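Put chain B on the given structure of chain A with help from the hints.
There are 2 protein chains.
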Amino acid sequence: MFADKLSTRTHFVGTSEIREVLKVTEKPEVISFAGGLPAPELFPVEDIKVACDAILTESGVEALQYSTTEGYTPLRQAIVTRLKKMGIDTTVDHLLMISGSQQGLDLTGKLLLNEQDTVICESPTYLAAINAFKVYNASFVEVETDEDGMNMEKLEKALQTNPQAKFIYTIPDFQNPTGRTLSLSRRKKMVALANQYNVLIVEDNPYGAIRFAGEPLPPIKHFDTEERVIYLSTFSKIFSPGLRLGWICAHEDFIKQYVAFKQAADLHTDSFAQRITAKYIELFDLDAHIEKIKAVYHHRRQTMIDCIDRFFPKQVTHSSPEGGLFIWVELPESVNSREVFEVCIQNDVAFVPGQAFFPNLKKENTFRLNYSNMPDRKIIEGMRRLGQVLHSFLNSNVANF
Amino acid sequence: MFADKLSTRTHFVGTSEIREVLKVTEKPEVISFAGGLPAPELFPVEDIKVACDAILTESGVEALQYSTTEGYTPLRQAIVTRLKKMGIDTTVDHLLMISGSQQGLDLTGKLLLNEQDTVICESPTYLAAINAFKVYNASFVEVETDEDGMNMEKLEKALQTNPQAKFIYTIPDFQNPTGRTLSLSRRKKMVALANQYNVLIVEDNPYGAIRFAGEPLPPIKHFDTEERVIYLSTFSKIFSPGLRLGWICAHEDFIKQYVAFKQAADLHTDSFAQRITAKYIELFDLDAHIEKIKAVYHHRRQTMIDCIDRFFPKQVTHSSPEGGLFIWVELPESVNSREVFEVCIQNDVAFVPGQAFFPNLKKENTFRLNYSNMPDRKIIEGMRRLGQVLHSFLNSNVANF
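First to last, the sequence lines map onto chains A and B. To convert, note that position 316 of the first sequence is 315 in numbering that gives the first Met the number 0; the numbers rise steadily by one, no gaps. To convert, note that position 43 of the second sequence is 42 in numbering that gives the first Met the number 0; the numbers rise steadily by one, no gaps.
Keep in mind the hints are simulated off the structure, nothing from the lab. If you're wondering where the values come from, they're calculated on a predicted model, not measured in any experiment. A hint or two may mislead.
Facing chain B, from chain A, some residues (calculated, C-beta under 10 Å) [to be verified]:
no.	residue
1	34
2	37
3	42
4	61
5	104
6	138
7	199
8	245
9	263
10	290
11	340
Note that CB positions come from ideal geometry on N, CA and C, so glycine has one too.
Only chain A is shown next, with the shape it has when bound in the complex (with noise of 0.2 Å):
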């Protein structure tokens, strides 16, 4: 219908294959590690309530009218805050409220893409990043990964074989969907090498708070010393992804920028959003609440690799993530996950399949499993009842042979 009135970019953005996929998974009667859901009982309902009435009795009519596209100043100040002791000195100049960090790859897509234009990204990388940037009919270069993120041999090539490239996209810590870190030594050098070849980052960070094993690493921006780095992050994954808020931490100049596209985009972020938001920084300890997130996504973390050990074939590999929502597993060549996921799903056990995750390659052996969302009890059962299928999946694929 009317289909001579669409953009090419329709052509782009389908209704993506990981949606038809999660509304497979959405019956209860599921186990889903599909989905990149925070664990829902740990929101802090109780007190964000307290922080609601406060806000209605003390700004109520500034909470509900049409407020500046910058973003609420007290909570821009909050973030700085927090954007210091993770090692970048930043003013709330620098900053952008934004209505999750997606809003930032959308933004980020309108104001650096041209059609045809290269980003180059890890391998593989955040599906709803390559869908916000194929709007934009974007190209990609995909750069091999390994347990240290992305490797830097690989990007300097990259970088040679395409000088026109606009932008590296990374996320650098407990990468979606692999679960893996940057090493402390390419982070340096992935600046080096922006600098030498005179190209952006765009660096993604919605899980670097969620750290529960090993040693932090400051983020990539700490190292920035041309003011490349622009740096997006997110409450979704330490507070409430309903209240859809995200922030850019960039040069003023690309701000400014951002903010006119903004404007016209949507005018500004959920004012109540914002000050429910700093009002809970204010009021309550958003760190201790972290804590808390860490412990169980740790606990639960170590119950689904455990689970891997017990119950799936040995020929099957995964990551080991010491933080975040997601480990990565990786088949014996011979198996498409896609086939395995329709048995899965006749199993009531469901994951999402790794194709989507790579914008040219399409690895078929790869699945990406969720743990933060999932009780131990169900993570045990779900695991059990997948390692069934992968056992039945290798052994004919053995007796193929």
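Just chain B now, with coordinates in the frame of chain A:
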């Protein structure tokens, strides 16, 4: 800085002139008729407190978690009920919740506009719609308007000379900036012309519910025989703009595409804000609340028009809105409203010079007045100052000849 990294879109969307205007008007001593803000003292703060408390008690976890891109179904159901009363017979499958109706403009640009595609619009039109479509490098064809809205003969000529035009963008009710309303016969005619010339209509209706005089008219979408009308509206003017809640009502095929773009843009609209609004509609009487808004705006509109009669030179003409937030003023052609603005600011009174509302034509002798955001006392004092400045301009202009 990094100018070589920016997309060509940045050429079309600078920081808008209007933002600079609004910054000047932010000083507390300025009486500003510049913004388009609802009367803040009417926000139902205490009732919203009750709704928040109920949501956090009954479904706090769901309100704070990720949710579906389409939006909260009970809220969409409530909108369906409201639309039915206005003459739009639809279902939740034809509705997408968005982050304010401004996002509807951005998503519409994304969905429909290729580079240099033509948008047919009223002359003048909403300046943030111009900016939203300019992001996608649209061209604009302006159609003359009078007290009954867009001129249909001129519209037909525009359709004939621009057969590739993608859509007609119109604000039929109490238009921004003119306050004018498209007549009943022209609504029917616009649909007939859209059918005949195979073009879509984007009906932007943020103000329609705020009718305080004259007879209600059905939306253009009421007359839509071929599902060509994409209808945008919002809770900003009837409930709270700070919560950033709007909706798109359109053919299901369009909604599916909008959902894909919305998901890439910001995943979904704030779940908590959606549930607060649905709960408010369930517990309280939104229509009774709108009646209060209408009574106040009707009174303020009358105060402002009385002041025009009393303080303005007789050569100055103005629109006579039966609803909404704005009055449009035309000066003799020799007077430039930007120069008037400069003098007004020195006298601590402000408006928006009309130029920004014309994508191409830039009529210099017009400006927009807002009456919703200001108590009587301030309206009278501000209009007195503005009248003085206009008299000085018209006398000096007379003296020049």
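Find the hints from earlier in the document that the structure breaks and name them by number, from lowest to highest. 6, 10 and 11
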